[in-house]
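Engineer: Top line first, the protein sequences correspond to chains A and B. Everything in the first sequence is counted per our numbering, starting at -1 for the first residue and increasing by one. Everything in the second sequence is counted per our numbering, starting at -1 for the first residue and increasing by one.
Keep in mind the hints are simulated off the structure, nothing from the lab. Where hints are given, some of them may not hold.
As the list claims (entries may be wrong) - EDC-like, lysine to aspartate or glutamate: derived pairs with alpha carbons at most 16 Å apart:
{"no.": "1", "chain 1": "B", "residue 1": "Lys212", "chain 2": "B", "residue 2": "Glu123"}
{"no.": "2", "chain 1": "B", "residue 1": "Lys125", "chain 2": "B", "residue 2": "Glu207"}
{"no.": "3", "chain 1": "B", "residue 1": "Lys73", "chain 2": "A", "residue 2": "Glu56"}
{"no.": "4", "chain 1": "B", "residue 1": "Lys304", "chain 2": "A", "residue 2": "Glu189"}
{"no.": "5", "chain 1": "B", "residue 1": "Lys206", "chain 2": "B", "residue 2": "Glu123"}
{"no.": "6", "chain 1": "A", "residue 1": "Lys73", "chain 2": "B", "residue 2": "Glu124"}
{"no.": "7", "chain 1": "A", "residue 1": "Lys129", "chain 2": "A", "residue 2": "Glu189"}
{"no.": "8", "chain 1": "B", "residue 1": "Lys212", "chain 2": "B", "residue 2": "Glu124"}
{"no.": "9", "chain 1": "B", "residue 1": "Lys129", "chain 2": "B", "residue 2": "Glu207"}
{"no.": "10", "chain 1": "B", "residue 1": "Lys185", "chain 2": "A", "residue 2": "Glu308"}
{"no.": "11", "chain 1": "A", "residue 1": "Lys167", "chain 2": "B", "residue 2": "Glu124"}
{"no.": "12", "chain 1": "A", "residue 1": "Lys73", "chain 2": "B", "residue 2": "Glu56"}
Protein chains: 2
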Amino acid sequence: MENLIIIGSGPAAHTAAIYAGRAKLNPLMFEGFNAGGVAAGGQLTTTTEVENYPGFPEGISGPKLMVKMREQSVKCGARIETVTIDKVDLSKRPFKVFAGSKTLETKALILATGATAKRLNIPGEEKLWQKGVSACAVCDGALPIFRNKVLVVIGGGDTAVEESTFLTKYGSKVVVLVRRDVLRASKAMQERMKQNPKLEIMWNTEAKEISGNKSVEAVKIINNKTKKETTVAAGGLFYAIGHTPNTAFLNGQLELDETGYIKTNSGTTYTSVEGVFAAGDVQDKRYRQAVTAAGTGCMAALEAEKFLSEHSS
Amino acid sequence: MENLIIIGSGPAAHTAAIYAGRAKLNPLMFEGFNAGGVAAGGQLTTTTEVENYPGFPEGISGPKLMVKMREQSVKCGARIETVTIDKVDLSKRPFKVFAGSKTLETKALILATGATAKRLNIPGEEKLWQKGVSACAVCDGALPIFRNKVLVVIGGGDTAVEESTFLTKYGSKVVVLVRRDVLRASKAMQERMKQNPKLEIMWNTEAKEISGNKSVEAVKIINNKTKKETTVAAGGLFYAIGHTPNTAFLNGQLELDETGYIKTNSGTTYTSVEGVFAAGDVQDKRYRQAVTAAGTGCMAALEAEKFLSEHSS
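Please take these sequences and the hints and turn them into a complete structure.
Structural biologist: Okay, structure coming up:
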């Protein structure tokens, strides 16, 4: 019987492991094997330089930061297995976690399986990923490669409007490609968008291909009504078409919100099942930063520790 | 007119500065001069080794971590002034911040002034601070100096019970000094406490003096009814008598909870005044960790950025 199993491998999972390890809970972490389509370490492994994680004034590469966090988890006493969990049974305590052919029982569970940014999988995307192609304007927008360049944003919701507005701080111009002839963003946001001289919306427009040598140089677009193709010279392309929280493995056993994120009691990591805690992007569609994920990972460990001390007898 | 003033100097304030700087808000930070009774850098400057801030597997000293964060804030574009703010006017926007003889106006304000752990100021405390004397069991309990030692905890509330229970993982025995003949902690907690063979409560007992050469070796105690003095051989002393949030300078202009902490909309950094955001320990009496403070600092900057973009015209 395990005290505490942690599922995930990003900043939330490792911060939970660090705190739970130090609290002598002897936590077991399943970091997954390419779970959610990314390497162990989570979404930060798909980034290059991280300049906004506090404590590293010179910046640190995403993969390197995650290697450090993993090392710290192990040092604090966490055991880590590189197995993807695709099934759990939360119907009663102890909970069951199915790891390949093994079934484990655990008194408490921290879910930090993250979310995966949606992409279009168009030609050039894979080659130029993090070389001008990004799925996070807040994370990457300030990087030097985007300064005074034309930047293309794909998406029509609130996030797309927020991120494109944000990017006007850095780019010479921001072109927003909207697939339909209307934005899903709120009216107020659309108004502010119109007042921003650096923003241009292209309606009924989709990206077809990204090209560039060492980094993004152009985006080929198509008007899906007229079928006319053109090429926009651009130094960056940002996806703002949402994220998919990695909650399918829960199979409806926890309360999720309408977009599939785990619901937590606001300001805590408590989920709809007592003894199950959620941290990081799997429960956060608002902030989604490494440091906010780490913060909630810490909260989950402290709350799991409290739960276990109250249910030890 | 400033866009954004940040008051504070700990992980919350610096993370807010890093994010606000990168978002080109040109933030101005007042780190204070020994504000709240601690050096710029906040409570971490009163600790020695920090082992639980994710990203530093070898540990990092509290002051060193804060030097790094400060360097990062400056690098990201924050301006920092070493002046303590003891008065603000939040009655209308722009808000007014009084910095010595200067009055500044700002469109938005992030408050991250922290909290100060209460101490008793008994003889030996200052000399042995962080040499066995601590005000945070979760932060310091796992340090080697406390292993298999008798540990003394001072306090009678929920926190004292939680922290003393936590410390039984490390110490050979934990002695809780309760000033009165009753605990303020909940009944359920008291029950669990009784079942823990490593915990001993001494009623009507107060600490009078801490002694030791290089680290804590003994605590002189007095029974406040019988006036009998004894000495407990102990390797550590933990204060769990609460914190004082640094909110006096607000002079009642923001909604506070019953213990003086700034009230935020749960899961956000929004305060009762639009355009004023609170992050870190000044609004958190529950988690109080460097990484949770940093997480809320990031949230505050993102929320201030959104507020400013919505109120820029």
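Engineer: Each of the hints needs a verdict: does it hold here or not?
Structural biologist: Each hint, compared with the structure:
no. : hint                : verdict
1   : B:Lys212 - B:Glu123 : 13 Å, holds
2   : B:Lys125 - B:Glu207 : 11 Å, holds
3   : B:Lys73 - A:Glu56   : 9 Å, holds
4   : B:Lys304 - A:Glu189 : 15 Å, holds
5   : B:Lys206 - B:Glu123 : 10 Å, holds
6   : A:Lys73 - B:Glu124  : 32 Å, violated
7   : A:Lys129 - A:Glu189 : 32 Å, violated
8   : B:Lys212 - B:Glu124 : 13 Å, holds
9   : B:Lys129 - B:Glu207 : 15 Å, holds
10  : B:Lys185 - A:Glu308 : 12 Å, holds
11  : A:Lys167 - B:Glu124 : 49 Å, violated
12  : A:Lys73 - B:Glu56   : 9 Å, holds
Hint violations for this structure: numbers 6, 7 and 11, all remaining hints satisfied.
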